[in-house]
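Visitor: Here is what each chain is made of, one letter per residue.
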Amino acid sequence: MTLAVEIIVFMLITAILTGAVIIFNRILSPSGNVKIRINSGEKELTVKAGSNLLSALLENSIYIPSGCGGKGTCGLCRITVTENNAGALPLECSFINSQDLKKGVRLACQVKLLDDLGVSISADYLEARLRSAIVIQSTLVSGDIKEIIFETQEELVFECGQYVQIKVPSEDEQLFRAYSLASDPAEQKQFALNVKLIPGGIGSTYLHELKVGDKVEFTGPYGEWKLDLTPETELVLVGGGVGMAPMRSIARSVTRCIPGKKVSFFYGACTMDDLLFRNDFEKLDLDNSNFTYFWALSSDTNECTERMGFIHEFLKKELEPPIKDRQAFLCGPPPMIDAVMEVLFDKGFEETEIFYDKF
Amino acid sequence: MNQSPLVILFAAVLTNNIVFSGFLGMCSFIALSKRIDTAIGMGLAVTFVSTFTTALNWLIYHYILKTGALYKLTGIEGLDGEIFTLIVFIAVIAAFVQIVELAIARISQSLYQALGIFLPLITVNCAILGVSLFMVIRGYGFLASIAFGFGSGIGWLLAIFLMAGIRQKLRFSKISPSLEGIGITMITTGILAMIFMVFNGMVRMN
Ligand SMILES: Cc1cc2nc3c(=O)[nH]c(=O)nc-3n(C[C@H](O)[C@H](O)[C@H](O)COP(=O)(O)OP(=O)(O)OC[C@H]3O[C@@H](n4cnc5c(N)ncnc54)[C@H](O)[C@@H]3O)c2cc1C
Ligand code: FES
Chain A
1 MTLAVEIIVF MLITAILTGA VIIFNRILSP SGNVKIRINS GEKELTVKAG
51 SNLLSALLEN SIYIPSGCGG KGTCGLCRIT VTENNAGALP LECSFINSQD
101 LKKGVRLACQ VKLLDDLGVS ISADYLEARL RSAIVIQSTL VSGDIKEIIF
151 ETQEELVFEC GQYVQIKVPS EDEQLFRAYS LASDPAEQKQ FALNVKLIPG
201 GIGSTYLHEL KVGDKVEFTG PYGEWKLDLT PETELVLVGG GVGMAPMRSI
251 ARSVTRCIPG KKVSFFYGAC TMDDLLFRND FEKLDLDNSN FTYFWALSSD
301 TNECTERMGF IHEFLKKELE PPIKDRQAFL CGPPPMIDAV MEVLFDKGFE
351 ETEIFYDKF
Chain B
1001 MNQSPLVILF AAVLTNNIVF SGFLGMCSFI ALSKRIDTAI GMGLAVTFVS
1051 TFTTALNWLI YHYILKTGAL YKLTGIEGLD GEIFTLIVFI AVIAAFVQIV
1101 ELAIARISQS LYQALGIFLP LITVNCAILG VSLFMVIRGY GFLASIAFGF
1151 GSGIGWLLAI FLMAGIRQKL RFSKISPSLE GIGITMITTG ILAMIFMVFN
1201 GMVRMN
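Listed in order, the protein sequences are those of chains A and B. When we follow my numbering, the leftmost residue of the first sequence carries the number 1, and every step to the right adds one. When we follow my numbering, the leftmost residue of the second sequence carries the number 1001, and every step to the right adds one.
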């Protein structure tokens, strides 16, 4: 008898505590809908509270770029929150500089929808549509990198250095991965991607398994690289690994359209086998007096020790002092970009003259 | 035994600081003392939880669990809830932390992300349970218990705040590689504990 009463008392206490948690959960967790006002009222979305801004926008067919599926590691999903900005999270501060933070720039995947928001979204993002393309060629260009060429129904207008977002089929409805356009913008209904297979990677595995005739969905192009078209401006391109993809696009179109422009391409790879499209670039170098090709290998090489080293070390040695205006485009893994930036600043580059994509 | 709540508060913050004299709540103390803002956030959360859970636990203990309380409440001879004390205290703390977690997630995403897993881990922060248990052992009254819970929280806040300040400075000093990180933090904790011992003569807590 007493035992039973004691147990009942204990269970009552537990029940009251559980009840309290449930009630507070009801009160405190986001529920109902919130409104997202885009470009001060140009468009208004009503979405379910509690999710993040990125997935809410994607669900409403506003394709802002996102390279990491909302993990907050790619920094692509930048957006400006104009009303009700709750402040950037510690994670975001490594992608957004302090000036932009003050303006309200956030990573959309890290903005939790708790209250009504006002955001400003650039016109290209608002206009971006999901389009489809057919694989017309897929070739292995080195051990783990494939060049895949796609054909689109309508023209794809893009500039050098831009990238597209490929939709990767997955249970989680909206999964995208970013890939730089590696083809010449003049090829109007075609585009090429160079994709490195990441073991266990969802996106790269999907792309590597595509066969001729398969259909993919993509959005874009995106990217804010502003190539200076005047022939006097010198161009320095630095690529590492598959970071050569956008460089190839730039090199090919610049040498064709602006033959007078001085272009130096520095390419860092791990081993001889990773040295992508070496023949193409060497041919460009031979055919164009204004195009120079440097390469370096970071591991391997018994064959040619003078090419051994990191690409930023070569850049330091080979890059001549500035004569005219210059622009630099960098693409590759984050440590390479950081090291190269340092060298470029030493060589007198301004921040506005350097464009980069880390991946 | 019958110290005034103010003395208890003072003692809990300084002379009997829960970190530096009890060495309780060390894991989050070390894990979250890298940055001042996170440290203050965690300190406030701990203070809040420790104050309210001590008060709640006092009420539950004295009106329900204590030997004889259930008899008064129900009139049934031989009932004794004392045996449940530990499990009920833990349940109260767990429920309370969960509510605080919900509140912080709602109020400040950035604090929520900075505290990370250590916020739910307040549930098993031994400082918090320690405060409730000490309150029973030392036989504090209601007000004294609140003062003790609040003071211990503030004491923990003070400790982690000092530590975070020191660690932010340590980042720029040359430390032997074998001591970097946790090693030097442990040593600093020891030195701080010795400094806090100086307060010991001021008030005696039993
Ligand atoms: C602007 C931009 C342009 C890009 N252009 C290209 C391009 O032209 N060609 C190209 O191949 N990729 C490019 N990427 C990278 C690409 O978007 C994907 O991140 C990459 O293909 C991995 O995706 P996944 O889905 O296969 O791997 P995930 O499923 O996302 O990752 C699987 C695992 O691999 C790890 N991982 C992810 N990326 C790398 C990496 N680069 N090296 C080593 N480990 C990694 C992850 O941490 C994870 O543990 C670009 C990225 C950006 C942001
Ligand atoms: S989607 Fe990659 S940071 Fe937001």
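Keep in mind that the hints are not guaranteed to be accurate.
Simulated pairs of lysine-lysine, DSSO-like, Cα-Cα distance not exceeding 27 Å [to be verified]: (1) A/Lys102 - B/Lys1034; (2) A/Lys146 - A/Lys71; (3) A/Lys71 - B/Lys1072.
Some chain B residues flagged as far from chain A (calculated, every beta-carbon gap over 10 Å) [what the hints assert, rightly or not]: (4) Ile1076; (5) Gln1098; (6) Ile1099; (7) Arg1106; (8) Met1186.
FYI, nobody ran anything at the bench for these hints, they're computed from the structure. In this text, all values refer to a predicted model and were calculated from it rather than measured experimentally. In this text, a Cβ means the ideal position worked out from N, Cα and C, and glycines have one as well.
Visitor: Against each hint, give a clear statement of whether it holds in the structure.
Guide: Results of checking the hints against the structure:
1. Between A/Lys102 and B/Lys1034, the direct Cα distance comes to roughly 25 Å. Compliance with the 27 Å bound is thereby established for this hinted pair.
2. The suggested pairing of A/Lys146 with A/Lys71 holds, with an alpha-carbon distance near 26 Å, which does not exceed 27 Å.
3. Straight-line distance between C-alpha atoms of A/Lys71 and B/Lys1072 comes to about 56 Å, which puts the hinted pair past the 27 Å bound.
4. Some Cβ of chain A comes within 10 Å of the Cβ of B/Ile1076; the nearest lies about 6 Å off, and the non-interface call is violated.
5. For B/Gln1098, the shortest C-beta to C-beta distance to chain A comes to about 5 Å, within the 10 Å cut-off, and the non-interface label is violated.
6. For B/Ile1099, the non-interface assignment is contradicted: its Cβ lies about 5 Å from the closest Cβ of chain A, within the 10 Å cut-off.
7. With a closest Cβ-Cβ approach of about 5 Å to chain A, B/Arg1106 is found to fall inside the 10 Å limit, against its non-interface label.
8. The claim that B/Met1186 lies off the interface holds: its Cβ sits roughly 25 Å from the closest Cβ of chain A, which is beyond the 10 Å cut-off.
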